[in-house]
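Asks: As a plain string of letters, each chain reads:
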Amino acid sequence: MLESLQQLATGFGVALSPQNLFYCLAGATVGTLVGVLPGLGPIAGIALLIPVTFGLNPTSAIIMLAGIYYGAMYGGSTTSILLNVPGETASVITCIDGYKMAQKGKAGKALAICAIGSFIAGTLGIFGLVFLAPPLADAALAFGPAEYFSLMVFGFIVLSNVTGGSFLKSLMMAVVGLIIGTIGLDPVTGEGRFAFDSPSLLGGIEFVAVAIGLFGIGEVLVNAGQPAELLEQKVVMPRLLELYPSLQDLKESIFAILRGAGLGFGVGLVPGPAPVIATYASYMMEKKVSRHPEEFGQGAIKGVAGPEAANNAACQSAFIPLFAIGIPFAPPTAILLGALLIHGVTPGPLMIREHPELFWGVIASMYIGNFILLLLNLPFVPLFANILRIPKKILLPFVTLLCLTGMYSVNNSMFDVWTMILFGAVGFLLRKWAYEGAPLLLALVLGPKLEVAFRQSLMISHGSFDIFINRPISLAFLGAIFLCLLIPLVRVVYGRLRSWAATG
Amino acid sequence: MRIRLFLSLLAALLLGIGGAIPLQAADFPTKEVQIIVPWAAGGATDLIFRAVAASTEKYLGKAVVVINRPGGGGAVGYTEGSQAAPDGYTLVSAITPLTILPHQVKTAFTYKNFDPVVNISSDPSMFLIRHDAPWKDLKEFLDYAKKNPNMITVGNSGAGGGVHLVAVAFEKAAGVKFNHIPFPGGGPSVTALLGAHINAVSVSPPEGIPQVQAGKLKIIALFADKRLEMFPNAPTVKEQGINFAMGMWRGLAAPKGTPPDVLKKLHDAFKKGMEDPAFKKSAADMAVNVHYLGPNDFGRLMASDDSFYAQLVKEVKK
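So the sequence lines, in the order shown, correspond to chains S and R.
Counting in my numbering, the first sequence runs from 1 upward without gaps.
Counting in my numbering, the second sequence runs from 1001 upward without gaps.
Do not rely on the hints blindly, as some may be mistaken.
Derived list of chain R stretches under chain S, where covered just means 3 residues or more per stretch with a C-beta under 8 angstroms from a C-beta of chain S [what the hints assert, rightly or not]: (1) 1100-1112; (2) 1123-1133.
To give a feel for the contact side, a few chain S residues facing chain R, derived at Cβ under 10 angstroms [claimed, not checked]: (3) Ile50; (4) Pro51; (5) Leu141; (6) Thr182; (7) Gly184; (8) Asp197; (9) Gly326; (10) Ala334; (11) Ile342; (12) His343; (13) Gly344; (14) Pro356; (15) Arg455; (16) Met459.
In silico SDA-like pairs for lysine to any residue, Cα to Cα no more than 20 angstroms straight-line [said to hold, decoys possible]: (17) Lys1218(R) / Pro349(S); (18) Lys1106(R) / Pro349(S); (19) Lys1058(R) / His462(S); (20) Lys1147(R) / His462(S).
Keep in mind the hints are simulated off the structure, nothing from the lab.
Here a beta-carbon is modelled for each residue, glycine too, at the ideal position from N, C-alpha and C.
All chains, please: the whole structure from these sequences, using the hints.
Replies: Here it is, written out as structure tokens:
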């Protein structure tokens, strides 16, 4: 522990050099930008800037590229709140209450609480990274196919009804998401499924296209369908003082932020789309512990603070497997791995020993970067909040344009753009008929992973289902699933019995 | 980033115009050359081609731009590449899956839709096991596999992908049967081995290299003609009496029908780019084995691997 602190001090020496400070600032700024722009996420941002780092020393390069990753987590919430367009995948949940807050004239508060929550969670996440990396990396390895399967079924059961509308409708949307997730190359046999010999469909349906379509384009269409006078009146503009959260708001949010940070940090260790899952889980948790669950979906500040904290913490803990065992669990860290390789640094069990200046320099730069991001984001709150003053007839076409260009630049694919437009139409209809898009997106993320884990487990066990029960971690999750399904049932029965007893 | 997008749009526009004008090969190239990489930015393949593109620009006299068209296990990028104008301004990164994918799914292309330009790297495949695995050497590993068919679980980076088929080919050569477990990528398969969820993993460098260096994993079977410089103590399977070598190659190809003198210019420039110290250093840093092959040899390599994988895929599908 003491040694870690000493090393960290050296790291600060590295990170505080003017050159590295500059790259940290540059990375954080670019990250915020790619986060704000719909479609473009940290993956695209890092990939596009890798060639720029060719001439830099490895430490500066990684400081900048890491800055893009966590910077994007700050920026991602901005368009979710203002325009109902998720800026990147981990900000889908923020659309729900963030956008509602903006409609009620609390856009500034929502934006500011995101920055504050992100800062607190990011900083806590770095502490976890410094002190717990090696043991946590080993713990993450305990998750094999069977454990993932049970964990994901658990996640699916708990999170599918995240918005708390009709359970039946949520379940239907989740099933649709599962079906869409099967399009593309079969992960186990390598054959095409539902691809109709189209090379684009073989690649599967892009999650970002579905997310932006359902939320962003769908929202534009819903707005466009309204009479002009209703449309322009809708937004309540706040006074300057109300742009930032009050003490009361902060008090209300702080525990949500801390819970979100803890949850996100834990989920971040799980391979796959950890930040997305972390945000869903945090939202669900806040709703469960809240004394006013009915406020969720109507603009609850906790429903913004918790998930935004969670995605930042998840993003910090995603560095643990990369640095401690040399294996990326999430796509953005996979790209960082590539960047490290091209700079002659092999991430892995030996990295911390062989390149201490790089490891500790990058960690220290994350502290600084998080602080820079807070300073960078808070002053912009009034500016961003004022975007809502733009008349809708100008704003909506602009949002559409932003979605179209952003979507194209993710994979340089027109197919993705068409997919997004299609799901925009679907999103419009779903809104009309009061179906939620969130369960569909969750199923689209979890479904393919669930399927692979299930089939892998059964291949390892030669077809025996015992594998899910014989592994303690897997059994624990199955038990949790059982309880989750049982408790509501017991409640209903107990309630009936009581009322029956009361009436005699 | 915006500028890059603008540039690639501009390039696409120029390409459209350029296609209409008859080309004078003598003054090739008059504009930038793009390489379509059918895999995502930031992967090992992408990085190698970005490195060679950067070091080739000065020999070609024009910019060399890498464009990622991921999706469908390479199908999206190769389809686009095979349909591009054969004028030398659009190339594709031809890597082993180009000779595998057309046998697995219906594709609009095979390797025959491309003219070989140059092979850049070849990396041997290998099996890794945990450092605390019960098998000391290849003989013990295979003896156990013979006595317990289908019991040793071998991870791979994707069903029907290169390292999966290599593992299938190796079991034929060695006369054993493994239980093949597919993972979405090389990273997850190595992770599963580190967590002891599977017994071995079939990989191609740079995957797994850092874990072997750290002593967490060890090479149990190396499918190469000679030992790796980095691990001189790991013998090849050939040394141990099994005549088997298999690996992954990465090269450049142009759409079929590209003029021969244009192909020659491209080949000469990229050959110099490969010999450039900057590229050599990047390749060494990534543990990638630079391996030059001229167009004829590279074409023969693609043809022989294509018929090899055609046979293998047929057997796997059975």
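Asks: Compare the structure with each hint and give your call.
Replies: Status of the hints after comparison with the structure:
no.: 1; hint: 1100-1112; verdict: holds (count 5)
no.: 2; hint: 1123-1133; verdict: violated (count 0)
no.: 3; hint: Ile50; verdict: 7 angstroms, holds
no.: 4; hint: Pro51; verdict: 6 angstroms, holds
no.: 5; hint: Leu141; verdict: 4 angstroms, holds
no.: 6; hint: Thr182; verdict: 14 angstroms, violated
no.: 7; hint: Gly184; verdict: 7 angstroms, holds
no.: 8; hint: Asp197; verdict: 5 angstroms, holds
no.: 9; hint: Gly326; verdict: 4 angstroms, holds
no.: 10; hint: Ala334; verdict: 7 angstroms, holds
no.: 11; hint: Ile342; verdict: 5 angstroms, holds
no.: 12; hint: His343; verdict: 7 angstroms, holds
no.: 13; hint: Gly344; verdict: 4 angstroms, holds
no.: 14; hint: Pro356; verdict: 16 angstroms, violated
no.: 15; hint: Arg455; verdict: 8 angstroms, holds
no.: 16; hint: Met459; verdict: 5 angstroms, holds
no.: 17; hint: Lys1218(R) / Pro349(S); verdict: 14 angstroms, holds
no.: 18; hint: Lys1106(R) / Pro349(S); verdict: 42 angstroms, violated
no.: 19; hint: Lys1058(R) / His462(S); verdict: 56 angstroms, violated
no.: 20; hint: Lys1147(R) / His462(S); verdict: 17 angstroms, holds
When the structure is compared with the earlier hints, violations turn up for hints 2, 6, 14, 18 and 19 and for no others.
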